[in-house]
Amino acid sequence: MLEFAATNGGPVLFFQQLELGITLGAMYALVALGYTLVYGIIELINFAHGDVFMWSTVVLLLVSNALGLKGTLGGFALIGVLILFLAIGMAVSAFLNVSIERLAYRRLRKAPRLAPLIAAVGVSFILENIAQLTIGSGFIAFPPIFPTTALNIFGVKISILHIFIFGLAVGLMYALDRFIQTTKLGRAMRATAQDPEAAALMGVNVNRTIFMAFLIGGALAGAAGLCYNLVIAQVNFFTGFKFGLIAFTAAVFGGIGNVYGAVAGGFAIGIIYALSIQYFNFLPGGGVAWVDAIVFGILVLTLVFRPSGILGQQVPDKV
Amino acid sequence: MPETTIPALQMRTVTKAFGGLTAVDSVDLTVQPGQIFSIIGPNGAGKATVFNLITGIYQPTNGDILLQGQSLKGLTPDRVLRRGIARTFQNIRLFSNMTVMENILVGEHKTFPGDLISIIFHLPNYQSAEKHARTRALELLSFFGPKMVALKDEYAANLSYADRRRVEIARALGSNPKVLLLDEPTAGMNDAETAEAVGYITRMREQFNLTIVLIEHKLQVTMGISDRIAVLDYGKKIAEGLPEEIQRNEQVIEAYLGRKVVVE
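In the order they appear, the protein sequences are chains G and S. Counting along the first sequence from 1, when you hit position 35 you're at 35 in this note's numbering, and nothing is skipped either side. This note's numbering runs 319 ahead of the 1-based position in the second sequence.
It should be emphasised that the hints constitute simulated quantities derived from the structure, not laboratory data. This structure is a prediction, so every number in the text was calculated from the model and none was measured. Please note: incorrect hints may appear among the correct ones.
Said to hold, decoys possible - Below, in silico cross-link-like pairs of lysine-lysine (DSS-like), each with a Cα-Cα straight-line distance of 27 angstroms or less:
hint	chain 1	residue 1	chain 2	residue 2
1	S	K471	S	K450
2	G	K110	S	K429
3	G	K110	S	K392
4	G	K157	G	K70
5	S	K450	S	K497
6	S	K497	S	K392
Start from the sequences, fold in the hints, and give me the full structure.
In structure tokens form, the structure reads like this:
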């Protein structure tokens, strides 16, 4: 894994970790949005979502091998490859997520809530095992295609890659917001989240709306997969498990079911993650050993003291 | 109305059983175009189930439901709406975290182009549909007076009870229905509000060329505005006729009002 903890001290150190935290946060937020979109509409915690994200990292690894990519790219080659990877990553995860909904969850829509939840856990295992069969159990390096250039602002190194990731994530979030707020499908999604039966009686095709939630959530996870490969550069079949849980924590922390909460929660958890690694370094084993406990401690505390999250959930108006 | 007219809405010996309970038992109803048709009956008589059957929430165990002569069998609620049946709810079900305008736009959902590309990229056909839908939403609000138009950007949750009822009707009208089902449109309203509601229900029929099916508890409302009334009791239709006929019907008085009560 990367060296997360910086060596110099003071405010420079703080901002350096903050820069890293925002980058991680952008990725967590993209994945958290997928949890929250699906939960907001069908109240299902899609435990396979982390693995849908992981599959984008795996397929992008396979594509980069097929293209024979080894080293850093520049100029139009870099732009072309990034666009291609983004399109492939988003398409793979969107397709997977939609297929899972169609094959596994749709049949269980009227079943007791535990049934689709367990189905999601089952799908998660299936996706992980197929990935393991495909690329083995090791950590495989993703080629470092992105230049390592960084801006130096008062000693804080801001990598171009991290700027790219932040810009990409914010751009996608803005597009999502516009989609939800200004299009008929966005309105249909909000209406369905609140009262699926009333929405259906107003002419909203509920199956199509649920399909859209999975499609968009999957696509965002796919974009996060590309970011993950560029930053972490290690592909493994089990990546989605922990990454998914952290993103899920972010969604709960922000208020599951609330898209703005997922974004806020994602960035908050990313920043807490990066700062914890540094500032809990005095603990035995170093900050890295404790960071998961801290993040999941936040999950537990949120669920105990503020289950609706920091921004609160849009409480469905059910009768 | 000539004999040859195709009924706007027809239920043919419709039965709905939930396990051992028969909520609706071989009910026949024929609603002619342009009528205001009321369904009355005591609590648990099966009126709500009839609405749920017509709108596709439930499928009949037996029998068939026809809109302008065409069967609605097997259609999901959104498809029934697309065929031309819209409804309101007894316990108002607006989308409370959406604005009045957005609620009506959801009602107009079917008037938009359906393909994803037009929607995502706001292509001209989508834009013109959106623009048209917003203009139409304002027209529907103005039907209830300028006060309602001024509330267009208010969240539905913040509206007064009577205003929420109005918005719910505007939302239902958004889909340009042929048949409008009103589920106790004056429930919870005081006398003045009820009188106003009776006024706009009658005006609505003319202005939007509607056939209206009404579930209503207040007899003064039903008797005043209905062209025809059907009475349900324990899932069965026990009477049907003109308001004055229903008022005189001994069986109805007994089932609906209990013995020894005279309808005013």
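How the hints compare with the structure:
no. : hint              : verdict
1   : S:K471 <-> S:K450 : 15 angstroms, holds
2   : G:K110 <-> S:K429 : 26 angstroms, holds
3   : G:K110 <-> S:K392 : 21 angstroms, holds
4   : G:K157 <-> G:K70  : 25 angstroms, holds
5   : S:K450 <-> S:K497 : 23 angstroms, holds
6   : S:K497 <-> S:K392 : 18 angstroms, holds
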